[in-house]
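Q: Chain by chain, the residues:
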Amino acid sequence: MAVAADATASVTPLRERASRPMVVAAVLAGWLVLFAVLRGRQTLTLAAADLTGLHRWLNDLNDSIGANRNSNPLFLYFFNEIRLAIDNLVTFVQSLISQPTGTRPVPQIGWLGVVGITGYVSWAVGNWRVALLAVAGFTFFGLQGLWQESMDTLALTLSAVLVALLIGIPLGVWAGLSDRFNRIMTPFLDFMQTMPTFVYLAPLTLIFLIGGASAVITTVIYAAPPAIRITAHAIRSVPETTVEAANSLGTTRLQQLVKVLLPMSRRTVVMGVNQTIMAALAMVTIAALIDAPGLGKTVVQALQSLDVGTAFNAGLAIVVMAIVLDRVTTAAAARTETARRTDARLLRWRRPLLAAGAIGLGFVIYVSHTYVWAAQFPGHGAVGSHIASAADTTTGWLQNHVSGLTNGLRNVLTNGLLNPFQTLLTDSPWWLVGIVLVALALVLGGRWAAVTGACCVGLLVGTGVWSDSMTTLASTAVATVLVMLLGVVFGVWMGRSALVDRVVRPTLDAAQVMPPFVYLVPFLALFGATRFTAIVAAVVYAAPVAIKIIADGVRNVPEATVEAATSAGCNTWQIITKVQLPMARSALTLATNQGLIYVLSMVVVGGLVGAGALGYDVVAGFSQGQLYGKGLAAGLAIVLLGVMFDRITQAAARRTRA
Amino acid sequence: MAPAQTEVSQRRDTSEDPQDRTPVVSVRRLWKVFGPKADEVPGSAELCGLTRRELMDRTGCTAAVRDVSFEVSPGEVFVVMGLSGSGKSTLVRCLTRLIEPTAGEVVFEGEDIRGADPRRLRELRRSKFSMVFQHFGLLPHRKVVDNVAFGLEIRGMSKAERVRRALETVELVGLAGYENSYPDQLSGGMQQRVGLARALAGDPDVLFFDEPFSALDPLIRRDMQSEVIRLHHEVGKTMVFITHDLSEALKLGDRILIMRDGRMVQCGTGDELVGAPADDYVRDFVRDVPRGDVLTLRWIMRPAEPEDALDGPELGPDVVVREATRAVLAAEKPVKVVEGGKLLGIVGDEEILSVVAGAEGGA
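Protein sequence lines, in the order shown, are assigned to chains A and B.
Per UniProt numbering, residue 1 is the first one in the first sequence, and the count goes up by one each step.
Per UniProt numbering, residue 1 is the first one in the second sequence, and the count goes up by one each step.
Simulated from the structure, these hints should not be mistaken for lab results.
These numbers were taken from a predicted model, which means no experiment stands behind them.
Take these hints with a grain of salt, some might be off.
[Unchecked claim] Computed far set for chain B versus chain A, every beta-carbon distance over 10 Å:
{"id": "1", "residue": "52"}
{"id": "2", "residue": "123"}
{"id": "3", "residue": "140"}
{"id": "4", "residue": "234"}
{"id": "5", "residue": "247"}
{"id": "6", "residue": "263"}
[To be verified] Straight-line Cα separation of at most 27 Å, DSSO-like style, residue types lysine-lysine; simulated pairs:
{"id": "7", "chain 1": "A", "residue 1": "259", "chain 2": "B", "residue 2": "159"}
{"id": "8", "chain 1": "B", "residue 1": "128", "chain 2": "B", "residue 2": "159"}
{"id": "9", "chain 1": "B", "residue 1": "143", "chain 2": "B", "residue 2": "159"}
{"id": "10", "chain 1": "B", "residue 1": "37", "chain 2": "A", "residue 2": "259"}
Every residue, glycine too, gets a C-beta built ideally from N, C-alpha and C.
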């Protein structure tokens, strides 16, 4: 390996780039040779119930925080206060729509009122089409027999979004106005967005205990970054000349903000609200792992008992809620643009209609507050039982009839790709894998990526879950390879054909708004509880983003270049391989980056359905006290893997762009 | 038909005696340097002597405006002309402190605005001067009338009052009927009329134009130039106009300042620039200007020799050559150039032809 590096160092820079794949190949070959010799030594394996010193120390830390929660001033006057305030907010919203309070056996607003409010608000901020969709979607929750669970999820999501926007929009405005603050914020936001949703949970439970408040705080932390980022972006993209013109008329800074910057960034900020809501919904469902009430909890419990029917029913409710929230906020964003274009005649009718609607809404809310039939959703969720049993039947049928196919696929991929690779990673001495990772970082990403890689490897060893990390790394790598295969095939197809793009893109967009959680359910039905299920779910979860990035990269290859290649006599295959893909190289690296991050976050969630490794360690940490410290260390290991992937691929992307 | 004529500012009457009125804007030794330690550059005789490139290499600073001085008289249209990168846009922004000058004075109606605190500066911007921008800078979420009223609104004028005033101004710039449109429903030329109306609505003393018509199509540009001339006749505002287009400068400007690399190269009326270019740069610049359209008899007359017949027709010295051509060629004898009863010189067929023929030859 050192010889190879020396050889490349001596040739000219132009040659060096061409030979980078050869260096990578040399590194991998060296690894295989050493693996054959050193197999099974210094692998740092740790059995499921074994702990290291760090884990025990973290357990002790948890215990001591638990013991001093009400005496330590930091907790007494700061963390506990936050928890209390959030708890009050959540309880208040829950008492409105989901949970009985005091002497009332039902929430303040019954199902009819909630459906009415949803429809009215959707109509007021969006249009009547999304209002119909919202009403239909919310009624569906009741029919599924998941009304209260849905309302719990909604209550948590709304509370989190409220807090996230209260924090995020002002911070975003600040970051938009001040370059210095923006420079300080950006690395934090980058870091927060590369983290898998999962890892936020553990450290927060340490401080805020498990339950609704913790779930909302986690969600706020996860959902605020998009709000901050997009608001800042919106403020920054107000044209310079407009700001200058307003300045030249003598505006004060406040007038500038209120009359120019905020109105002009409104549409983008509403899109930021959309992102925040979708992020919050995704996180709220995952927060079920720390005992947050709602649909997520139903899914988690069903997944843990491999009850596909119930999981599917609840997963479907999450999907419906995601669609409704996404469509309504997207329509709201579109409305800010189109409102003034609408016919003046329609506009004149709008105000009285809104007022009439408000009166009707008030009546409906009153009814749902007063009468039981309007407060509690009638029936017993017969539709839900049907869905669940249909899902079960389908699963049974699939397992009986298609299992040959699915098992074949699973076995081929598991035995042919996953197992050898995983063995290579877990059975090599830890220092050998470490050297290989650092060498790859050096070749692909440059010196700084290598330094980051070395730090991450060192810290991974320190967490004591090295072996589990390598298992997760193997799954992630395999899934990412599959994602990139899909990405290149579909991305090139979409990039070359506008028609395919128009057909496929909406599906990808829809797939991206789904909380990662729900992807597990159908694949659990198909493949049972194995590592492979998590990998397939991860591929499906990460593919849309990779496909879109590659499609855009291919599309952005200048028309003239393609034309020139065609006129030089290239056939389609030559154009793709010699012109379009090489020119979309930086899109490919970016897609790898995003693919890795998405895959990682899904692979760890897969710990719930038998993927084991780091994801399982984290989940087990929530449920078993003595494994708490190990779970926390596993969360840290996930963060380290994420940082390492992100830094290396980012550096590689920068190199290809240069 | 004559080939494309260069139209020339025809409003000499407004600025005949700039000396006897105090200037509205006077700029003295103005500097704007971007970069680290920008403050040190104007004070250092050594650094001042460097070219832009050398200054960049030595200090990392860019001198956008270097030691510029001029005065603008009331009612005058003062044009600053230069190619891109010559510092003209920076100069005009320094005049209203949209960009903070590094050194020098900008005296506005007797007050050095560099000393104004933020509150006073806002007051000045609200009531004394306003600006028209190349890319309009309109607010897309407001109707035309609200865009025009924006400056009045931030002054705190009541709604009824500012709408009334805005509607008047909209009418003045020829946009009546479009009050309730949104900017993106208008063409570029119409959007710039909104920008113009917004600048006029506050009834400022001075209007600054930063290449206002550069983003427009040539035909629309010509319309808008005429519009500015018409408005200048109607409202008589002092205007400082930035352009990179020489024909625009000659058409609008009473006086023209030519900038290059941040320095002022020459400042004078159009015929002075064409008749007596200060250096090769200006000479190159004005080479393609049809001289007959710009030069006046003053520039081509020769002293009367004893053998000249002095009983020909009389013309004033500020008559443009093109307009005098027919009269001079028709006359049997040389034309006398007379100002206030005093004979300044004479112009014969020879002088006229050398200008007209020379111009048409593209010399």
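Q: Now tell me, hint by hint, if it's right for this structure.
A: Against the structure, the hints come out as follows:
1. 52: 24 Å, holds
2. 123: 7 Å, violated
3. 140: 7 Å, violated
4. 234: 22 Å, holds
5. 247: Its Cβ never comes within 10 Å of chain A, the nearest being 25 Å, so this holds.
6. 263: At about 25 Å from chain A, residue 263 of chain B clears the 10 Å cut-off, so the statement holds.
7. A:259 / B:159: 15 Å, holds
8. B:128 / B:159: Status holds; Cα separation ~21 Å.
9. B:143 / B:159: 14 Å, holds
10. B:37 / A:259: Measuring from Cα to Cα gives roughly 36 Å; hence the hint is violated.
In summary, the numbered hints that this structure violates are 2, 3, 10.
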